[in-house]
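J.: Protein chains in written order, with the working numbering: chain A, 1 to 297; chain B, 298 to 578.
Simulated from the structure, these hints should not be mistaken for laboratory data.
Errors might be hidden in some of the hints.
[Stated by the list, open to error] Listed below are several chain A residues computed to face chain B (Cβ distance under 10 Å; list not exhaustive):
| no. | residue |
| --- | --- |
| 1 | Leu10 |
| 2 | Thr48 |
| 3 | Leu271 |
Here a beta-carbon is modelled for each residue, glycine too, at the ideal position from N, C-alpha and C.
Chain residues, written in single-letter form:
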Amino acid sequence: MNIRLLKDKLLSKLMLVLTLASVSLLLVIGIGLYYKSIPILQKLSWGTLLTTSVWKPLKGLFGFFPFIMGTLWVTGIAIIIALPLCLLTALYIVEYAPARIKRILTPFVNLLSGIPPVIFGVWGVLFIIPLIQDHIAPHFVEFSTGYSVLAGGIVLAVMIFPLIVSIISEVLRTIPQELKDASLSLGATKWETIKKVVLRKALPGIVAATVLAISRAFGETIAVLMVCGNNAAVPHSVFDPGYPLPALIANNYGEMLSIPMYDSALMFAALLLFIIILLFNIISRVILARLERKLAA
Amino acid sequence: MRRRKLEELFFKLLMVLATIIVAGSFFLIVGTIFYKGVPYMNLDMITKTPGGGFYIGKEGGVLNAIVGSLYVAGGATILGLLISIPVALYINMYMDGKRFLSNTLRMAFDVLFGIPSIVYGAFGFLIMIYFGIRASLLGGIIAVTLLVIPILVRTLDEVIRTVPLELRDAALSLGSTRWEMAKVVLRQIRPGIFTAILLAFGRGIGDVASVLFTAGFSDNVPTSLHEPAATLPLAIFFQLGSPVEEVQGRGYASALILTIIVLIITVLSDILIKKYSKHKI
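Next comes chain A alone, as it looks inside the complex:
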């Protein structure tokens, strides 16, 4: 009997240690990256790092502004494309689609979410780039290689489809049938019910899904890197190349140890990503948890 209790005690302590260790990763990653960024933060202030645009590592000039703008452009385009499409898709799947079609559709969303980033990148290079170069860009600008923030945005949009669709569908399913019935019984059409009742009720969930999608898009590396053009200048149109932060880190890991401060600068970039994504994630998770609790109550 004693041995059994002892075993239980010991194992519970071991599990506690593992739990604390894995959860403290959040802290440890932040601290580790900050620690490595100290050298560059001592030399240049946060303000200088974030707002200047000159990127000359050999001269010790590290301006992250073009990279931040690159990230914002790509993410913005991705959300503008993905959000309406995914909202409509989720509405169709939850409210309109017959059970049979629903059964066929759900696996595809799953399959899409399983495709690795690098495959999205290859697809971007093979399909999106020529599409932009030959068919879209000529209508707007004189010349474009296709490698642009638009290409990055489109590829990213497709990558975040499954995430947004699955979260919004889940939120839509939590809306009580009684509310919809009440609206329908007053003579509203199904669409009017969706517009005036469902969407209004689901708004916080849609916001949370969007915030989560933004943070996913922010950190996506390889697919964007392959189609974005990677030019360290602030993009001025969707056909300009951009250079998002994650691509900067991934592209330069090779030489980062041979130039002074370079490794510190890249770790600062990782820290920046980490902080932004951490905040966005916490915000959206809190909103979603609140929704869930409201439903349970």
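Given the coordinates of chain A, work out where chain B should sit on it, guided by the hints.
T.: Leaving out everything else, chain B in the frame of chain A:
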């Protein structure tokens, strides 16, 4: 009245259209990869390591990367399981009456899940510098383990929560300790554990940014943990960057291999999930 009906029709059409685009994008991607990859596909690709002059278009295959990826993803999944199963059990079995704490932990793992792989890669690289490990299979496994832990924990947690409370109560009422109860639960969720393994493996095998700094690259199949290991996604990335057409083509073929592996994994886990939900009471 007509206007309202028309509006409904218009938006319904819009929804169908959006759904076709979203679901269709899957076919577009897989179709593109097959279309471009199949012509360059041959047996050498999956049975040979890169020969001399592979990167200027001469003979060889990507066996090194396939095996390397299997090693990295496999090692990380096993290591991740050893950590995640106890964590998931702890959250569910040992934190009774501390709902706030266990929910906070769940949220923390959700947030960890949202951290991009490039950050895990950079952090893994820091760990390696700290311990003096060079880019190697071991480094890759460490970084990918960090990446898959949140996936494993959250999936296992969801699965454990589907086990009826009565089952646990029955075990406890027979005088078992919490650990003995946990063993009963573990047996109950076996199919769920396989699902979690497949999900983690699929994520691990496809990720680039985490192995970029940590696993290195090599033309040989790694024979020890301390040798650098090639990974399939990285091989695709490198080959695609080559100006030689033949090498690019092999990049497409490698992408095809990775796509097929990942599709098989996803379909398997889908089947498992379905089977599992049938067993649910």
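J.: Would you mind marking each hint as holding or not holding in the structure?
T.: Evaluated hints:
no., hint, result
1, Leu10, "holds (9 Å)"
2, Thr48, "violated (22 Å)"
3, Leu271, "holds (9 Å)"
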